[in-house]
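The whole structure should be built from the sequences, with the hints applied where relevant.
Following this note's numbering, the residues of the sequence shown are numbered contiguously, the last one being 1269.
Treat the hints loosely; a few may be bogus.
Claimed, not checked - Below, a list of computed lysine to any residue pairs in the SDA-like style, where the Cα atoms sit at most 20 Å apart: (1) 1114 with 1083; (2) 1244 with 1045; (3) 1244 with 1042; (4) 1114 with 1056; (5) 1114 with 1246; (6) 1244 with 1121; (7) 1244 with 1254; (8) 1244 with 1115; (9) 1114 with 1042; (10) 1114 with 1239; (11) 1114 with 1235; (12) 1244 with 1087; (13) 1114 with 1242; (14) 1114 with 1135; (15) 1114 with 1237; (16) 1114 with 1077; (17) 1244 with 1119; (18) 1244 with 1072; (19) 1114 with 1204; (20) 1114 with 1039; (21) 1114 with 1078; (22) 1114 with 1241; (23) 1114 with 1033; (24) 1244 with 1122; (25) 1114 with 1254; (26) 1114 with 1125; (27) 1114 with 1040; (28) 1114 with 1244; (29) 1114 with 1165; (30) 1114 with 1087; (31) 1114 with 1080; (32) 1114 with 1072; (33) 1244 with 1041; (34) 1244 with 1226; (35) 1244 with 1120; (36) 1114 with 1255; (37) 1114 with 1251.
Unchecked claim - So the derived label-pair ranges between C-beta atoms look like this: (38) 1240 with 1100: 29 to 39 Å; (39) 1092 with 1167: 31 to 41 Å; (40) 1168 with 1043: 55 to 65 Å.
Calculated directly from the structure, the hints in this document are not laboratory data. Virtual Cβ for every residue (Gly too), placed ideally from N, Cα, C.
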Amino acid sequence: MRPVLWFDPFRPLDALTSLWSATAMVPVNSGAAAAYRTFFMTIRRLVVGRRITMSLDDGDLTMTVTGFESRLDVRGLSVGQLNDVRITADDIGWRTSTFDNASVVLHNVHIKPGTPPVLVAAPVEVTVQVPATVGEELFRLAAPRLTGEIGADGVARLRLARRPRLGHLEVEAGLDGSTLWLTGRRVVLGRRPWRLPARTPAYPVHLPELAQGLRLTGIDLSPGVLQLSGTLPEWRTDLPRKRLEDLVNQLGVAEGVLNLTRLGWMR
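Right, here's the structure in full:
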């Protein structure tokens, strides 16, 4: 099914692939800059403001894309350099979980000449903001006998599940590799607080391995929100003509279902 939009999204694709062929895969002129810029703006027009579902190997990822930006310049585009690309999305659904918003920054995005050309980004930074209830579930998994909450002041508190009114323990969360460490800072019984010693032992929570080699690098608590940050050292994918055609076709239909597994982008 061809795209339902008023413009022809295949025109910049034709220009781009013709340019690759004509220059023996070494795009180094103003025509290359124009072709790359036009194709980037075409993809941006296809995704921003739309509800998109990505079909992956282990589930569907649904989101509303709110931003697709890059500081493009003619000199960089003439050699296939797109600089940093920032993608933002809201109202994200993954399996049974929901997330408020997320951002992905692909650093040093560029096209490496070849047959086919290769799209490369290194590194890739991911930031996800999830509702506080997700953090509370994480605390529950860490200590089943306790219940957790992230208050309006951004402080995480643990309580005894069977005696929640007895008091609470205020904790800080930190990351060390794939381990989440919960460290108690203050105990409050009734209305009486006691600050814990600086050497109070931390409780480790071993996190599962993330897909695509993504590594967690930070965790921040704020009122009602748990923010997770991660880094992927490098992401790359081939750019054959057929794959680009399938991408444009899938983005162009009204339903906005994008099968990344079939397209071969997820590797």
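key: List of violated hint numbers, smallest to largest   = Violated: hints 4, 12, 14, 18, 19, 25, 29, 34, 36 and 37.
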